[in-house]
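Colleague: Each chain, letter by letter, is given below.
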Amino acid sequence: MSSNEYPKVYLYRRIVKAKLFIDAHYAEKIDLDNISDEAWFSKFHFIRLFKTAYGSTPHQYLQSVRIGKAKELLRAGKPVSDACFLVGFDSLSSFSGLFKKITGETPSSFAARYQQNKQAIAKNPLAFVPGCYAYQHGWTENRNFEETDQ
Amino acid sequence: MITKMTITNIHVIDQDSAFDFYVNKLGFRVVDDIPMGPDTRWLTVSPPEQPDLQIVLFPVKVSKMFPQETADTLIALIRKGVFGCGVLTCRDVFATYEELKAKGVEFIKAPTKEFYGTEALFKDDSGNYFSLQPISNFDENDI
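Residue numbers (the working numbering), protein chains in the order written: chain A, 1 to 150; chain B, 1001 to 1143.
Some clues are possibly wrong.
Said to hold, decoys possible - Here are the computed distance ranges between Cβ atoms for each label pair:
(1) A:127 - B:1116: 25 to 31 Å
(2) A:8 - B:1109: 18 to 24 Å
(3) A:102 - B:1072: 25 to 31 Å
Stated by the list, open to error - Some chain B residues judged to face chain A by a derived CB distance under 7 Å, without partners named:
(4) 1062
(5) 1064
(6) 1094
(7) 1095
No wet-lab data here; the hints were simulated from the structure. Bear in mind the structure is a predicted one, so any value in this text is a computation, not a measurement. Ideal Cβ positions, reconstructed from N, Cα and C, are used throughout, including at glycine.
Working from the sequences, and respecting the hints, build out all of it.
Modeller: Right under this line is the structure:
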C-alpha cells in the first residue's frame, strides 16, 4: 500500500497540517479558528478528528506545546516572565497556573531545580553517568577530562 | 528478578545529527546531555511518554571500546541498514507517518496492514530502522 492508497489520506494530511501549524506558530496569538481554517475543517469536525488522531484537543495540544517550549527557555536561563510571553501567554498568572498543572511545579521552582542540577553536573559529571558506561568509554581514567599529551 | 529495562543503546554515526533526528524530528525528550571532554558527550533521550527508559545515542567512533576495524565494520553495517532497533508506538500510525514524512524522515515501508496489525518502517539518520505501530486499542475507523 503506497502513501496515496491508504484510506482517508486527504484527512490525515489536513490533520497533520494543523498540528504542524501549531508546532510552528505556538508563540503567536493563534486560536481554534486559525487552526481549523489551516486544515479546512469545520471547528466541530476538526476537534473530533484531531482528538482521535492525537488523544488531545487542539487547544490542549497547543497548551502542552507552549509549556514544553517554556521549559526549554527556562532551562536556557530565561526569566519566568520572558518564557511566559515568548511562548504566547498574555498573563503570567495563567501561565504559572497551567505550568504547575502540567508539570507539577511552578516555573520558578522548575528553573531553580534545573540550574541547581546543572551546577551539580558541571562540578562532577561522572556522578550522572552510569559507572559501567563511564568505565567502557574510559572516562573514569581521566576524571577531569583534561587534554593529554600523547 | 528483573523488573524493567532502564537504559538501552542505539549506535549512531554522528551524535549531533542523531540529536536533531531523535529530538527535533521524532520528538524524543533529552534526559542527559553532558559534555565528557573534547568531542564527546553523554547523550540520552526518552520517548515522550516513557521517561523512565533512557536511550543512549551511542556514537560509533574509534575509542577504547571500538578499535578502528570494529568501528569501520559497525559503521558500514549501520549504513547498510542491517540493524532494526525496535518497535516505536504511536497513537495513529497514519498521522504519525504523514508528520514524520513532512519532517523529512525516510520511510522504507508506508503504513501497511499486516496480519499482526498496521505497520510502517523508517530509518534514522544513521541507517538504523524502526517499526512504527499504533497503540493496540486504536481504531482506525474512528477517523
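Colleague: Hint by hint, note whether the structure agrees.
Modeller: Right, here's what the structure says about each hint:
Roughly 43 Å separates the CB atoms of residue 127 (chain A) and residue 1116 (chain B), a value that falls outside the hinted 25 to 31 Å. A hinted range of 18 to 24 Å holds for the C-beta pair residue 8 (chain A) and residue 1109 (chain B), which are about 19 Å apart. The hint said 25 to 31 Å for the Cβ distance between residue 102 (chain A) and residue 1072 (chain B), and at roughly 46 Å that hint is violated. Residue-level restraint check for residue 1062 (chain B) is violated (minimum Cβ-Cβ distance to chain A is 12 Å; threshold 7 Å).
Here the hint on residue 1064 (chain B) is kept, as its CB sits about 4 Å from the closest CB of chain A, short of 7 Å. The beta carbon of residue 1094 (chain B) comes within 5 Å of a beta carbon in chain A, closer than 7 Å, and the hint placing it at the interface holds. Checking residue 1095 (chain B) against chain A: minimum C-beta separation of about 4 Å stays under 7 Å; hint holds.
Hint check: violations occur at hints 1, 3, 4; the rest are consistent with the structure.
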